[in-house]
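The primary structure of each chain is shown beneath.
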Amino acid sequence: MLDIVELKKYFRKNGTIFAYEGFISHTLLTNIIQALDEKMSNWKVLNHSAQDVFTILIELTQNMLNYYAMQKTDARTVLHCHGILSMGIDIEKNRVYVSGGNLIHPEDADKITERIDSIANLSKKELKSRYRELRKSGRDKTAKGAGLGFLEIQRKASEPIQYQFDEIEKEGLLFSLQVFL
Amino acid sequence: MENLALEATNSTPEIRTSFSDNSIEIRGKSYPENTFEFYQPLMDWVEAFFKTDQTKLKLTFEIQYFNSSTSKVFYDLFDLLEDARSNNKSITVNWEYDPENVSAEEAGEDFKEDFEDMEINLVGKP
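Those protein sequences? They're chains A and B, same order as listed. Plus 62 on top of the position in the first sequence (first one is 1) and you've got my numbering. Plus 1 on top of the position in the second sequence (first one is 1) and you've got my numbering.
The reader is advised that the hints may include incorrect statements.
Claimed, not checked - Cβ-to-Cβ under 8 angstroms is the rule here; a few derived chain A residues that face chain B:
hint, residue
1, 88
2, 96
3, 117
4, 120
5, 124
6, 185
7, 188
8, 195
9, 198
Stated by the list, open to error - Across the chosen pairs, the derived CB separations fall in these ranges:
hint, chain 1, residue 1, chain 2, residue 2, range
10, A, 170, B, 38, 19 to 27 angstroms
11, B, 84, A, 230, 49 to 57 angstroms
12, B, 38, A, 222, 32 to 40 angstroms
FYI, nobody ran anything at the bench for these hints, they're computed from the structure. The C-beta atom is built at its ideal place from N, Cα and C for all residues, glycine as well.
Could you build all of it, start to finish, from the sequences and the hints given here?
Take a look at the structure:
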């Protein structure tokens, strides 16, 4: 039998409010957000509204969905559209976190690293002006969001986005990240 | 001109345009599966509207949360409005937000800073 007790202990230790592992889609995302919204719309922790949590979950998941969608246009092996999504309250830090993970092609790790590192140590003011600059870059109907996703996440975070890459499967690297609000 | 009337869904806002009232209302959440496709009819409507003799347009936004692609599309929409404004059309934007929702207010401020010459009113509505 599945060790639900161990899972439960793990979630409790990590202050998990919600966790998901498996197939991801836009429908799944809207249902998760809808369910959380019903429970949390008036929720406020440490000056963060529930809407900030939703925004980060949305950006994370749509990043994953866009990544999988993009694969159809390049000639690489297609990774399964699976992901891990979670949010909760870190008990030691007393902070809300959102975390997630998905498989990526190993050769994409550098690009992702560069994207996150380039904004990790910017001040709130710098993040804002970088965001506005990028948003301005021309009317472009094909861009999937023009790389605004990580910037949006970092703007709502209280410390640099934490991330890592792990070789746990033959098919690809597991890219995981955690954001503290 | 035919008006747009889209009902809100879990991930898309309600959109109503009125040619006779010179108005557009966008209310709800916005993180469509394909943001650019979703907003194309609205962008087309706005472009067509400014080709008519109408001289003013009032837009009301009330967005609880949105994804970054929506933010980009809204920027492009404001850009269209700015073009119209500099062609002597009168543009008013009311950006409504719940005062508890700091991010929604900040999103309005971002647009105000980017489009200084436009009349953008931030309206706190509990």
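Checked hints:
no. : hint                              : verdict
1   : 88                                : holds (4 angstroms)
2   : 96                                : holds (5 angstroms)
3   : 117                               : holds (5 angstroms)
4   : 120                               : holds (5 angstroms)
5   : 124                               : holds (6 angstroms)
6   : 185                               : violated (15 angstroms)
7   : 188                               : violated (14 angstroms)
8   : 195                               : violated (10 angstroms)
9   : 198                               : holds (7 angstroms)
10  : 170/A to 38/B: 19 to 27 angstroms : holds (25 angstroms)
11  : 84/B to 230/A: 49 to 57 angstroms : holds (51 angstroms)
12  : 38/B to 222/A: 32 to 40 angstroms : holds (34 angstroms)
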